[in-house]
Structure formats: structure tokens, C-alpha cells
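Number of protein chains: 2
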Amino acid sequence: MSDATALVERMAREARQGARLLGQAHGEAKNRALGIMADTLLARRETLKTENARDLAAAEQNGLGAALIDRLRLTDRGIDDMAEGLRQVAALPDPVGEVTGLAPRPNGMLVGRMRMPLGVIGIIYESRPNVTADATALCIKSGNGVILRGGSEAWHSNRAIAAALAQGLEAGGLPRQAMQFIDTTDRAAVGALLRCDRFVDVIIPRGGKGLITRVMAETRIPVIKHLDGNCHLYIDREADLAMADELVFNGKMQRPGVCNALETLLIHARVAPAFLPEIAQRLSSAGCELRGCPRTRELLKGAAPVTEATVEDWDTEYLAPILAIRVVDGLDQALEHIEAHSSRHTEVIVTRDHRRAMRFLREVDSAAVMVNASSRFNDGFQFGLGAEMGISTDKLHVRGPVGLEGLTSQKWVVLGDGQIRR
Amino acid sequence: MSDATALVERMAREARQGARLLGQAHGEAKNRALGIMADTLLARRETLKTENARDLAAAEQNGLGAALIDRLRLTDRGIDDMAEGLRQVAALPDPVGEVTGLAPRPNGMLVGRMRMPLGVIGIIYESRPNVTADATALCIKSGNGVILRGGSEAWHSNRAIAAALAQGLEAGGLPRQAMQFIDTTDRAAVGALLRCDRFVDVIIPRGGKGLITRVMAETRIPVIKHLDGNCHLYIDREADLAMADELVFNGKMQRPGVCNALETLLIHARVAPAFLPEIAQRLSSAGCELRGCPRTRELLKGAAPVTEATVEDWDTEYLAPILAIRVVDGLDQALEHIEAHSSRHTEVIVTRDHRRAMRFLREVDSAAVMVNASSRFNDGFQFGLGAEMGISTDKLHVRGPVGLEGLTSQKWVVLGDGQIRR
Numbered sequence: 013m014s015d016a017t018a019l020v021e022r023m024a025r026e027a028r029q030g031a032r033l034l035g036q037a038h039g040e041a042k043n044r045a046l047g048i049m050a051d052t053l054l055a056r057r058e059t060l061k062t063e064n065a066r067d068l069a070a071a072e073q074n075g076l077g078a079a080l081i082d083r084l085r086l087t088d089r090g091i092d093d094m095a096e097g098l099r100q101v102a103a104l105p106d107p108v109g110e111v112t113g114l115a116p117r118p119n120g121m122l123v124g125r126m127r128m129p130l131g132v133i134g135i136i137y138e139s140r141p142n143v144t145a146d147a148t149a150l151c152i153k154s155g156n157g158v159i160l161r162g163g164s165e166a167w168h169s170n171r172a173i174a175a176a177l178a179q180g181l182e183a184g185g186l187p188r189q190a191m192q193f194i195d196t197t198d199r200a201a202v203g204a205l206l207r208c209d210r211f212v213d214v215i216i217p218r219g220g221k222g223l224i225t226r227v228m229a230e231t232r233i234p235v236i237k238h239l240d241g242n243c244h245l246y247i248d249r250e251a252d253l254a255m256a257d258e259l260v261f262n263g264k265m266q267r268p269g270v271c272n273a274l275e276t277l278l279i280h281a282r283v284a285p286a287f288l289p290e291i292a293q294r295l296s297s298a299g300c301e302l303r304g305c306p307r308t309r310e311l312l313k314g315a316a317p318v319t320e321a322t323v324e325d326w327d328t329e330y331l332a333p334i335l336a337i338r339v340v341d342g343l344d345q346a347l348e349h350i351e352a353h354s355s356r357h358t359e360v361i362v363t364r365d366h367r368r369a370m371r372f373l374r375e376v377d378s379a380a381v382m383v384n385a386s387s388r389f390n391d392g393f394q395f396g397l398g399a400e401m402g403i404s405t406d407k408l409h410v411r412g413p414v415g416l417e418g419l420t421s422q423k424w425v426v427l428g429d430g431q432i433r434r
Numbered sequence: 013m014s015d016a017t018a019l020v021e022r023m024a025r026e027a028r029q030g031a032r033l034l035g036q037a038h039g040e041a042k043n044r045a046l047g048i049m050a051d052t053l054l055a056r057r058e059t060l061k062t063e064n065a066r067d068l069a070a071a072e073q074n075g076l077g078a079a080l081i082d083r084l085r086l087t088d089r090g091i092d093d094m095a096e097g098l099r100q101v102a103a104l105p106d107p108v109g110e111v112t113g114l115a116p117r118p119n120g121m122l123v124g125r126m127r128m129p130l131g132v133i134g135i136i137y138e139s140r141p142n143v144t145a146d147a148t149a150l151c152i153k154s155g156n157g158v159i160l161r162g163g164s165e166a167w168h169s170n171r172a173i174a175a176a177l178a179q180g181l182e183a184g185g186l187p188r189q190a191m192q193f194i195d196t197t198d199r200a201a202v203g204a205l206l207r208c209d210r211f212v213d214v215i216i217p218r219g220g221k222g223l224i225t226r227v228m229a230e231t232r233i234p235v236i237k238h239l240d241g242n243c244h245l246y247i248d249r250e251a252d253l254a255m256a257d258e259l260v261f262n263g264k265m266q267r268p269g270v271c272n273a274l275e276t277l278l279i280h281a282r283v284a285p286a287f288l289p290e291i292a293q294r295l296s297s298a299g300c301e302l303r304g305c306p307r308t309r310e311l312l313k314g315a316a317p318v319t320e321a322t323v324e325d326w327d328t329e330y331l332a333p334i335l336a337i338r339v340v341d342g343l344d345q346a347l348e349h350i351e352a353h354s355s356r357h358t359e360v361i362v363t364r365d366h367r368r369a370m371r372f373l374r375e376v377d378s379a380a381v382m383v384n385a386s387s388r389f390n391d392g393f394q395f396g397l398g399a400e401m402g403i404s405t406d407k408l409h410v411r412g413p414v415g416l417e418g419l420t421s422q423k424w425v426v427l428g429d430g431q432i433r434r
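Chains A and B, in that order, give the protein sequences. No gaps in the numbering here: position 350 of the first sequence is 362 in the working numbering, and each next residue is one more. No gaps in the numbering here: position 68 of the second sequence is 80 in the working numbering, and each next residue is one more.
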């Protein structure tokens, strides 16, 4: 057994023990600890910035791009936001212990369900260092032990944040071992965590497709994951075109690099001539590249530059200011396109017609299906979850934004007075 | 690609297409089809019995035990029960399309969740031929496509039942391809199904531990499974001992071969002397073998035969009239024992004390946790689900009895009037 494997197994075993205690903690205790964790982060502001500077220096030395370095940077504002995030999670209702559906069976015993933590959650992330605090807050609040494995480029920052959080957790009277930060850069540690099915109940990878694919290939532990966000908006033949214009522009351009941004516009042939030239000019002027089907290109002649959309375009999550456009003959064709190409993340219909709105809602099988609203709303904060661990494109357990409820499940509880089975 | 792989891929692709149509069928259409499926089974009673006779003859020739042959036999009563089961599932409320929690966000858009089928469910089973009908009914009602792979010993029976069901499904106006029976005995077909992650959304293995272990090892598709049923009953120091006697006897002896039967009795040292001799005599007289800790053996001297419980006994699901008994010093020790040895299936406390009842309910992390009721109640029918696909010992998605709800998940729905994100 390698050093990394032994280390990770020891951590996972400790996390399991810690999780058992944490799962029984009252909401008050968890909220107090989250507050102290926030205080500790703020109190160590200078240390966090010093450690972050080491990551930034290494990133520059290794020639990381400006965007990546920007994501890595811990500003004063970023540190304030992490602390505020911890307090916001503390303010959310405690999901653990909630009993629902408790009702009598014919023999008099009461049967219902009680919400419980999942146990130990392994989080493997590549993203900004603030994930260390955000993910820990959600795990602690939902009563789960957490094992964190951050990216090597944010190594010193993540480690400093985790140390502050762990100290806050302990100062708040909760078991420190419920939170484990894998403090080795040995890459074997990831594999060890993925094999640790004895102590880890779920793995949540947060990062690019390469990471997700690796996790899927290497683990037997259940995974809550986000794959692609190839999101569609369909403009029906009866639609408020001014509204459609706003929804397309907002969906594509408000933040093109995120998973709930639009990638493909589908539009009914009847309204395409009136609609496409105007939105195309608006998007082009804002720096958006357009790729269209033959009918789209015909309609946009002289209006805006548009290249030919290839088969790959329909399957691509651009994560960039690029929009694919296809003219369709009606809802059926739009639904077929979505069925064939969607990544089941977010789909939108713009329509005035109630019946087609209801059909779209029922028939589209994506994590979020919307009528007359921007795809950008598929987000835990926007949906009112208070916070999120990411957006699941899985079908089992949890779809869409993963909030506190997604980090729990329900066991059955039975209250009897001696019932036996005949 | 082998023949079996090509066959299974074609079936899975068809099941996916059928599932898309089935998922949109109204409850009325599904219920009518289930009724016709029941009629078709009854109309083919003689064919089913003839085909079953071929399986029985082969089983006898292959020297299968009397118990196995008994499980294999399709009696008139068994055929009636299958048909009645289909009608019972038809009578249950349709889970698909239910919208919950629809409420406005501050910007006026309504956000809620809609229950949807999982998609295509692969069922690999070794059990009695009636599983073919029971599992299909639940999948159809929940709007899921189903791919069935039964055991070779029930090959002719399963095939005849599946043919009757498929014909009834089609006669009821629903897509026949939503139901696929893998009609080859080629063992490679199981592997092919387990690799078919493009078209299959979840695998449900129903059978012995060997099957479950194989499925877990070979697939990347999410699995809903039942591992062990190592169930415990703890008798608190303040308990109604007459009630405890009934609950222990019922839990162990009402049907010793099933997963929700008791395997280990934990008893507080204070009440053990008054309780153990009597229940031990009752169990022994009924043919139950006892294996005890040293304190148990001391207390049972002269009362009933009891062998020494080894470490393995605490971890064993006997599925037989054998009970392990351990005297403990209190609730903490009982909880530790359960944490260390339980398979997280069903745990029971017998107590008059409210506080310890609540502690047990909260702290035991099993699919079902009961106060003063028989472990034998952990069952979909007993809990009021109307039917079940089995009992999940997983933590994610669904714990305990898997009914119609366990075969669905929820997507987010958003009803807006042009909301964009700022």
C-alpha cells in the first residue's frame, strides 16, 4: 500500500467517525460552528493572501493563462464572500431529522420518512479556492463528513482555507475529523480516494470534463456529477418576439462561459424571417459568433455574419460567445433535436400557446425545463436553495442544482406499539 | 461485437424509443394496458403452465433442490396472483407528471419540480418467474422502459410470461418496444446489458449476493440494489417484555428466510435474566438455533441449548432459523454494535422510554428504523407503497422498499413571463 493510499484510508476512516457525530449534531451547534469558521477565515485574511500569493507566483512561473490566474486569485472581496457564504449556509433551515409523511397504517403503526446525511462525501475539485469553503459549508450543514481534494495549482490557498475551517469547526465544538483535507500533492491520492468505498458514500467531482471522466472510470462509489451544459431555447410560432429577443440575448451573453448559458437556438420557420436578422445583429455587435443551418444562413444574408453549422455544432457546449441556430418546422422537430443533442441540462421554450408550453414541460427530459424564462436561472441561488454544490445532470438521486437536500436522503421510520406481522 | 452484444444493444435502443413514448402516456392509457396485460396472462394460463413444466422437468433433471423447484413452480394460484398484481399496480396513483413545490421566486417566475420516469431500467433477476410480471408492471406504470433478463432455470416460464405481457401492452395501445425480454440464454447478454450505458439509465439486480456483486463489479450504470439484511432488535432496560417476546419471535420466526427477518438480538443486561430464558425456550421449541455471547450462555444454562457466537455471527445474515444473542450494557453499546455490524437494512428498539426511542430513531442509519414494531414490516406493501421492486440498502436515491416513486426522479420546471438574469 502506497503512502498516499494509507493516508487517504486513514482520513476516510476518521471522516466516517466524525460524520457519525456530526450527523447527530443539532442545527444550533452546526450554525454556531459555521459562524466561527467564517470568523476564523476573516481572522486569517493575511495568511490566506500570503499562501495565495505562492500559488499565483507558481502559476505565473508555469505560464498559466490570465483567465486561470484570475480564477486563482484570492482578493479581499473573495475572502469576505467566502465568510459571507458560510453565514448564509448557517442561516438555511437544517435538513437533517425532518420527518415527512408520518401516517398510520391500518394496524395502527405510524410510518414516515426521516431525512439523514449521506455519510462521507469526497469532493475532488479543480476550481477556484473558494470551493474549499463553499463545499465544506454545505457538507457540515447537511451533517456529512467531507474529504477535500483540490487542484495542485491552488494547493497553498486551499490548504490555508481548509486549516482555518477545521480550526473553526473544532472551536465550534464539532468533531474536527469530520473535515479532512488531503494534504499531499501525490496524484495517487485521488485514485486512493476513488477506491475508498468502505468509508466514502458519494464522490462529487467539480471541474472539467477530463476530471469527471476520470472519476467515472475509476470509482464504484456513487457519483453526483455535472457533465455538459448544451442548453437549447426554442421559439414557438406564437411567441412574444421582443421577449424572445431578451431571453436569447440574456441566455447567451449574460455570462457565456457557464453551464446554463445557451448554446443552440431553435426557431419556428414561420417567425424566423421576422426574428433572426434583428437578434443576429444584436448578438454580432456584442461579439457573438453565429453558426447556422442553411435556412438560417439564407435568412441572415446581408444582416449578420454566420458560418455553416456542422453536425458537431449541435453537440457542442461552446462555453464561449458562439451560438448555433437552426430553423425548424415546429415543436415536434424541436423536441427531436433536443432529444438527439441535449445534454439534459436546461431547455427553454418561448411561447404564448399554453398547450405547447405544457407539452414542452412534460416531454423534455432535462434537469430544468422552462417556459418564457432565461436558461441562466438554472442555479441553486436562483431557485431558492440558498447555495449549491453544483448542478447535477444525472437522473438518479438529484437533478439540477444540488443544495442541502441533495446531500441527504430519507430513511423509513416506524413508530409502533407492539405490532407483529401475521 | 458478439451476437449477444448486438442483440442487447438493439433491444436497449428500442427500449429507449419506447420509453420516450411511454413516459408521455396518460395514467388512463397505462392502467388500461396493465388490465389487458393481466387478462392476457389469464387467457394464456395453459401455455404458461406448459412452458413452466419444461423448466420444472429441466430443474429435476439438473438435480435442483426441492425448495428451488418449489419457487420455480407456476401454480394456478400463482398465475392468478400475477394478474391480480398487475391490477393492483394499475389501481395505484400515477407518479409521473406530479408537480410539487411550485412557488414564486422574488422575480415572479414560478419554480417547482415535476416527477419523471428514470428512462430505461434493466432488471437482472434470478428469482421466481412472477418477477417478470411484477417488475414489468411497476416499470410500465412509472413510465419507464424495461429490459428483462431472467435466470436460465426459469427460462421458458419467463419467456412465456413476457410474451403475454408484451402482447397485452401492445393490445392496450402502448409501445411494445418499451418492454424487452432478452430471449437468449447466452450468458454474454448480461455483460452486454451492463455495458449499455448509452441507453440504460439504471440496473436493478434481484437475486443472491453473487449476482449483486457481479453487477456492481461490471457496470458503470447506476444500480439500485439490495445487499444484506443483517437486522437487529435491541431490548432496552425499560421495555414491555411481553411485547419484546412477541417482536423477537415474529421478527425471527414468521419467515426466517427473508431479508427483513431478525438475525441478532441485543438485550440490556438488566432485563436479560428475566427475558432470555423464556424467549430462548420458545425459539428452541420452534426449531430456532441460538448462538450467544458469554453472558447469554451463562443466563441460558439449563434453559435452552445455545452455542458460542463467534465474531462472524455478528456479521452474518442467516436467512434461516438461527438467532445470535448479545447482552449489552446499554443503548450506547447497542448502537456501537449496530454501527459495526448492521447491513443498514432494518433495526428495531423495544422500549417504553421516549428519549431513548428518539435517540435510536435519529442515530441508527438504516433503511428502516423502528420503535416497538416487528422488523418484518420493512416491505413495500406493509409501508403502503402498494407494490415494490425490492428493498434498497443503498443510501442515494432510494432507501428501503422501492415503489413507483423510487423508479422516478424530479426535474425542475420554471414558468416565467420573460424573466432574464441581471
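By construction, these hints were calculated from the structure, which means they are not laboratory data. All figures in this text were calculated on a predicted structure; none of them were measured in a lab. Certain hints may be false.
Identical copies look the same in the list; a pair holds intra-copy or inter-copy alike.
[Said to hold, decoys possible] Okay, derived cross-link-like pairs now, DMTMM-like style, lysine to aspartate or glutamate, Cα gap no bigger than 25 Å in a straight line:
| id | residue 1 | residue 2 |
| --- | --- | --- |
| 1 | Lys237 | Glu310 |
| 2 | Lys423 | Asp93 |
| 3 | Lys423 | Asp327 |
| 4 | Lys423 | Asp365 |
| 5 | Lys423 | Glu400 |
| 6 | Lys221 | Asp209 |
| 7 | Lys423 | Glu348 |
| 8 | Lys221 | Glu329 |
Same-copy or cross-copy closeness of Lys423 to Glu400 [CA-CA at most 25 Å]: Both. Shortest intra-copy (23 Å) and inter-copy (16 Å) distances satisfy the 25 Å Cα cut-off.
Homo-oligomer pair classification [Glu329, Lys221; C-alpha up to 25 Å]: within (11 Å within a copy, 42 Å between copies)
Alpha-carbon proximity context of Lys237 and Glu310, limit 25 Å: Classified as neither; 40 Å inside a copy, 54 Å across copies.
Alpha-carbon proximity context of Lys423 and Asp365, limit 25 Å: between (42 Å within a copy, 22 Å between copies)
Within, between, both or neither, where Lys423 and Asp327 count as close if Cα-Cα is 25 Å or less: between (39 Å within a copy, 22 Å between copies)
Lys423 and Asp93: within-copy, between-copy, both or neither at 25 Å Cα: neither (35 Å within a copy, 30 Å between copies)
Intra/inter-copy verdict for Lys423 and Glu348 if alpha-carbon distance must be at most 25 Å: Close across copies (19 Å), not inside one copy (39 Å); limit 25 Å.
Identical-chain pair category, Lys221 with Asp209, by Cα at 25 Å: both (23 Å within a copy, 17 Å between copies)
Going through the hint list in order, the structure does not satisfy hints 1, 2.
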